[in-house]
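Start from chain A and add chain B according to the hints.
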Amino acid sequence: MFAYMVRRLLILIPLLFVICFLVYLGMFLTPGDPVSYMIGPEAMQNLKPAELEALKEALGLNQPFIIRFLLWLGGVMKGDFGYSLQSGVPIKNIVLARLPATLELSGVALLLSTVFGSLLGTVSALKRGSIGDNALTVAGMIGVSIPQFVFGLAAIVVFTLKLHWLPVGGRIEPDDVTFWDRFPNLVMPSLVLAATMVAGVMRYSRSSMLDSMNREFIKTARSKGLPEWRVNFVHGFRVALLPVIVLIGFRLPMLLGGSVIVEQVFQWPGIGNEFVAAVRSYNYPLIMMIAFFSVFAVLIASFLIDLLTAWLDPRVKFE
Amino acid sequence: MRKDRIVVLVTTMLLLATGLFAGGSKEAAPAASTAPTSTAVGPTNSNPLSDLRVRQAMAYAIDMKTACATLLQGMALPADSDIPNGPWKTPDLSKYEYNPEKAKALLKEAKWDSNRVLDLIYYYADQETVDLMTAIQQWFAAVGIKMKFRQITGDLAAQLNALPADAEKGPSGITWDLAYGAKAALALQEYYNAYARSVDGKPQIAHTPANATMDSLIAATNSTSDIAKQKEAFFALEKYMASNVKDIPLYYQQLFIYENKRLNRNGGLYGNDQYNYDWGILNWTVTADANGKQILYTNTGPKQFFFEPWSDPAIHITRKVLWDRLITCDGSLTPTTGKLASSYKLSADGMNLTFTLRDGLKWHDGSPLTVDDVKWSVETALKFPTLNAVFKKTFNSLKGAKDYLEGKTPGVAGITASGNTITFDFASLDPNCLLTFTQWAPLPKKYLAKADPLKFQQDPFWQNPVGSGPYRIDKVSMNDYLVMVPYKDYWGGVAKIDQIVCYPSDDNDANVVKNAAAQKLDYGFTKNVGDVKSLQAMSHMNVKAVDIPYTRILWVNQFPKPAAK
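Protein chains in written order, with our numbering: chain A, 1 to 319; chain B, 1 to 565.
If we strip away everything but chain A, and leave its shape as in the complex, we get:
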């Protein structure tokens, strides 16, 4: 098992750099550059070609693509992710400043969606065909179908503009000191994000639970005279959890990458928002750092899912 894990981890390293190279190549092939964004076409009309060249030179944009990639890669090896082309702020500082916001929002949403999704899915499976099951199925379908931005805007209309219960957006207000001061700002985006995620978990856990409830080992447990709750929640639920864990595992990278749409709707200053701004402004170093960690998170999540699957399901063997 140890040899398998080491082998898997070693494969991740070249994979990570190949994907980063492809991202860098994609950016290079995308029309536009940071200077065009910084200056704008109208002001560009007043800039002499020599001045434009000097500006590009100063920002290191005149070097060939491969040199720029290698310089970036060399920096990453030394833990230096470069500087924002717009502000000159070290990329590391920008990401570290945004990360708490993203972890907070995604972490809460992931937790809520996992807990409620699993429970509701299990209840739905156990009460199959009941009004409750049908209601949850419909709610689940609605949750999966409604785009996040529609859900978010509807929540703003109801809870901010009509009821005046919650702030329209942002994460921290100037007078906020403790977490609880800014808690109202977290409520709406995290619930909206969780609500759109819970449906998926619920659907997975329901069908998985239904599947496990028909298995032989459940019948055996019942025949042994075990209490129904123990049959359902210890024997059935554990196996039913497997596909749910896979789903949650694939959502883990979101903890780092952020949720672009919810962050945009609620003006949440997380990584997702920063990533969109970086792409719009062709801020290569920032795009690369976020991409690097997102790719890293996806690869690690997939590795962990493999480990967890093996741990939860004795039929799975490491090879």
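What the hints contain is simulated information worked out from the structure, not anything from laboratory work. Treat the hints with care, as some may be off.
[Stated by the list, open to error] Pair ranges (Cβ atoms, derived):
(1) A:Val18 <-> B:Asp489: 56 to 66 angstroms
(2) B:Pro87 <-> A:Phe21: 52 to 62 angstroms
(3) A:Leu161 <-> B:Pro87: 38 to 48 angstroms
(4) B:Pro87 <-> A:Trp180: 53 to 63 angstroms
(5) B:Lys261 <-> A:Leu119: 41 to 51 angstroms
Heads up, the beta-carbon is just placed ideally off N, CA and C, and yes, glycines get one too.
Leaving out everything else, chain B in the frame of chain A:
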């Protein structure tokens, strides 16, 4: 077919129907006194767009009145010149009211090849632009001009502005036939200066061949500080440009200032909020909150850094209130009185400008603001590549500016600073030197002396800058909020609003409607027509339309295309 495509198509058909109907009416016929005479001028080179009659036909073919009323929802004004409406526009311009029959006749006279397909480019990404381009395409088709349009992305400078080899003969450095874009001007000369050859005879514009008449008309607008003479020169130039259809002005965009009704300017002026003017912010008040505090909420707060005020002087609130200017101006940007400078004097010939700074001026950190800061700021700005074009012209007109830039002298010879007085001697006249000093802000030398002008915006100073204006930074959390409070030692007194809280946004804030509806946006301005409609529907908001020098134009490439390889 997608729904939005159908909407555009139906709108276009309606526009055409109403336009064609109007075309046959009395209204469409150009007024006799203003109708341009259809000259017999043929093409001046191998490009048929160099034929005046073709350009006139295109101008006649577009029904901007209807487009402004429908596509632009009545929030734009049809343009008949690059110059905005107002005292600087001559009343007897050649007009090109929508007249498809006249357009057809002109094209026939010019022997227009109806199989030729024109290539129109634009750089905006919004649907409104696509709709307008679709409408123009249909209007052109109705008179026999085929046109395809496309959005350009990537290196816009190379695609839009690549200059021809020769200012008069070309060949063209660009591939397109028509380009849709905008010209925003701080000084009106900005509309036309690029149409003239540079002092060394080189081309400055990609699409329109230079000629001696145009050169001299443009030079006349730049050669005097006398307002009456300047106006006369502008009138002559405007008439020339319009009668020769050097470009096709489409519409004037307006600026919309929105304010929560709890904000009171207390008699303060309204003007072009994209720039600095004497808007009287010291006297502004807002309804106090439960704690008795007056807090103004606005946008354009910093996301990652504070924007420097030299490329664009006032598009963000921070650029407006953190740094003071030497002098100020009224809402139409006409210089009026001193700010950091207690007095100023421009010599009769416009070649010498002296400012006397107020006594005891201080930066927000308490250190003295001196003429040395002003001198250093001008010299540094000269090396700043994205310096605003009007400032650039002023500073480059100084005596010794060229030598300084070439490294021949340690400073600009034309700047002398002594005591509280700083004097600028010009080598060539700049009619907008006063305007420059209403917008350009000196910065503190002690913090920025080592900054690389090429990477000026990337200097750590812009994380928490020190200013000189009526408000100073109290606290900032990048991408969360900025709190500015009145600067107690401000020379003009202490501002009445206790706090200005700025939420982060670009100048084109995507969250205007949401935040205004939630009463978290008391002041701002926008050119987004959709947002304006929503803001107008809010009972707690006031929206004020302001005419600004911002013209959407169709540029016509009149140079011969290079021979195919």
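Hint by hint, here is what the structure shows:
1. A:Val18 <-> B:Asp489: 56 to 66 angstroms: holds, 59 angstroms
2. B:Pro87 <-> A:Phe21: 52 to 62 angstroms: Check passed, 59 angstroms falls within 52 to 62 angstroms.
3. A:Leu161 <-> B:Pro87: 38 to 48 angstroms: holds, 44 angstroms
4. B:Pro87 <-> A:Trp180: 53 to 63 angstroms: holds, 59 angstroms
5. B:Lys261 <-> A:Leu119: 41 to 51 angstroms: holds, 48 angstroms
Hint violations for this structure: none, all hints satisfied.
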